[in-house]
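Dock chain B against chain A, hints included.
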Amino acid sequence: MKLPDLDYIRPGTLQETIDLLVAYEGEAKLVAGGQSLMPMLAFRLLAPKILIDISRLPGLNAIDIGPDGVRLGALTTWRDIERHAALKTAHPLLAAAIAHVAHYQIRNRGTVGGSLAHSDPASEFPALVTTCDADVVVHGAGGERVVKGSEFVLGAMTTSLEPDEMITGIRFPAWPAARRWGFEEFARRRGDFAMAAAVVFYDLDAGGRAADPHIGIIGEPERAVRLAAVEDLLTGRVIDRDVIAEARAIGEQAAQTSDDIHTPAKYRKALIGTMIERALMTAAGLELRPVAA
Amino acid sequence: MSRKIDITLTVNGAAYAHAADTRSTLVDFLRDDLKLTGTHIGCEHGVCGACTVLVDGEAVRSCLMLAPQADGASIVTVEGLGAANGELGALQRAFRKHHALQCGFCTPGILTTAHALLTQEPDADADRIRDVLSGNICRCTGYVTIVQAILEARDAYRRPADAGTSR
Chain A
1 MKLPDLDYIR PGTLQETIDL LVAYEGEAKL VAGGQSLMPM LAFRLLAPKI
51 LIDISRLPGL NAIDIGPDGV RLGALTTWRD IERHAALKTA HPLLAAAIAH
101 VAHYQIRNRG TVGGSLAHSD PASEFPALVT TCDADVVVHG AGGERVVKGS
151 EFVLGAMTTS LEPDEMITGI RFPAWPAARR WGFEEFARRR GDFAMAAAVV
201 FYDLDAGGRA ADPHIGIIGE PERAVRLAAV EDLLTGRVID RDVIAEARAI
251 GEQAAQTSDD IHTPAKYRKA LIGTMIERAL MTAAGLELRP VAA
Chain B
294 MSRKIDITLT VNGAAYAHAA DTRSTLVDFL RDDLKLTGTH IGCEHGVCGA
344 CTVLVDGEAV RSCLMLAPQA DGASIVTVEG LGAANGELGA LQRAFRKHHA
394 LQCGFCTPGI LTTAHALLTQ EPDADADRIR DVLSGNICRC TGYVTIVQAI
444 LEARDAYRRP ADAGTSR
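Protein sequences, first through last, are from chains A and B. If you read the first sequence in our numbering, its first letter stands for residue 1, the second for the next number, and so on. If you read the second sequence in our numbering, its first letter stands for residue 294, the second for the next number, and so on.
Okay, chain A solo, but in the shape it has when bound (with noise of 0.2 angstroms):
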């Protein structure tokens, strides 16, 4: 038996989950596809007297796309949404991240709501949900709640959940079709957690210069951050080769990393300031320069 000593139980209903919650005071632990929780478990950093599983909740891993946006039931796997064609262009952005989350074999039971209130600081889906300001919806208790996507990842791996509470839904507001955008992530291993991440987007006034640009990135210790110095940079201007030259440069300064198993602070800044050039050259049509021999 590798996982600690505990008890398992699987409720039909959202209030009999929440009344669980309650009941076992901050002893239970929710699972659903378990593909973050489980290795937890097998390592021993967590021993939660019993497990509530809630992965045949009914009615949470709807994919709804509507002029508000799209919502996602938090019981949505990988492969749901992968599989899901209308996505693509409603929310290019959420469908093009989510291809680097993890295996096929882990895609299969991975869940949106998993994965966010695991919240592992390299972890995409915490950082779409930072940096297109999606909402999260929580219930609990005192029923349901809505915590804005900036505020909901307090750092690594904690949430601002109180311990009564289940994340039901994350709602991504409305995605204009003539946004530019652009993600991209360096792993080690394909489908293996980011090394570093640049989520962007920015829409285009009628001069062609970019209004309200959202730079997301993963690399930092805590989690996925907004950086604003790159934003205000962005704001109003013309996205060429001289502004991204720069918006890298900003963004490498204004990454806060430090030294772990992985990488040095130093390199994981340079990746992290790459990774916001390529995304930038994606969203504004360019191709990255081939590097001289």
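Calculated directly from the structure, the hints in this document are not laboratory data. Errors might be hidden in some of the hints.
[Stated by the list, open to error] Chain B is faced by these chain A residues, among others (derived, beta-carbon under 10 angstroms): (1) Pro4; (2) Leu6; (3) Asp7; (4) Tyr8; (5) Ile9; (6) Gly33; (7) Gly34; (8) Met38; (9) Ala42; (10) Leu46; (11) Ile106; (12) Asn108; (13) Arg189; (14) Asp192; (15) Met195; (16) Leu288.
[Said to hold, decoys possible] Which chain B residues stay away from chain A? Per the calculated CB distances, all over 12 angstroms, these: (17) Arg316; (18) Leu327; (19) Gly331; (20) Gly365; (21) Cys433; (22) Gly435; (23) Thr438.
[To be verified] Cross-link-like lysine-lysine pairs, in silico, DSSO-like; alpha carbons within 30 angstroms at most: (24) A/Lys2 - A/Lys148; (25) B/Lys390 - A/Lys29; (26) A/Lys2 - A/Lys29; (27) A/Lys2 - B/Lys390; (28) A/Lys49 - B/Lys297.
Quick reminder that beta carbons are idealized off the backbone N, C-alpha and C, glycines included.
Coordinates of chain B only, in the frame set by chain A:
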């Protein structure tokens, strides 16, 4: 406290009703309780892919699923990939022909992964196969022949009746 709960499931076409420990992973349940030891345990934390099985038609890592979560599910393990008469299935034949295994430890997970892939995408190209295999670690590093074998087996999956893997 952990305890035993009764679950029912289908594995390789056979129905089982069995008590599963609440802290048991699906792979431990398959190996220790059902004595189906073809599924291998490698890393036990979702990195290596050796324990891949099909759950309701989708490839999953059986070390990252609790046995009680498989209640009601239909599972296919590597033991289920052969034909009913005991002959090798199309993927297994292709692996033998191309010498697509060396020590063999990762092979059950790669066969089940490839079986899920080709069942859903019988026209998967070499790039797609490599992309999917990124979740399976072979430390003998024999990936070239593994990809060749999977490419060859595609033909049988385009005509499922011939694949010998209909379970």
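Hint by hint, here is what the structure shows:
no.	hint	verdict
1	Pro4	7 angstroms, holds
2	Leu6	5 angstroms, holds
3	Asp7	5 angstroms, holds
4	Tyr8	4 angstroms, holds
5	Ile9	9 angstroms, holds
6	Gly33	8 angstroms, holds
7	Gly34	6 angstroms, holds
8	Met38	4 angstroms, holds
9	Ala42	5 angstroms, holds
10	Leu46	12 angstroms, violated
11	Ile106	7 angstroms, holds
12	Asn108	4 angstroms, holds
13	Arg189	6 angstroms, holds
14	Asp192	8 angstroms, holds
15	Met195	16 angstroms, violated
16	Leu288	21 angstroms, violated
17	Arg316	4 angstroms, violated
18	Leu327	16 angstroms, holds
19	Gly331	17 angstroms, holds
20	Gly365	9 angstroms, violated
21	Cys433	17 angstroms, holds
22	Gly435	17 angstroms, holds
23	Thr438	20 angstroms, holds
24	A/Lys2 - A/Lys148	37 angstroms, violated
25	B/Lys390 - A/Lys29	47 angstroms, violated
26	A/Lys2 - A/Lys29	17 angstroms, holds
27	A/Lys2 - B/Lys390	37 angstroms, violated
28	A/Lys49 - B/Lys297	15 angstroms, holds
Hints 10, 15, 16, 17, 20, 24, 25, 27 from the earlier list are contradicted by this structure; the remaining hints agree with it.
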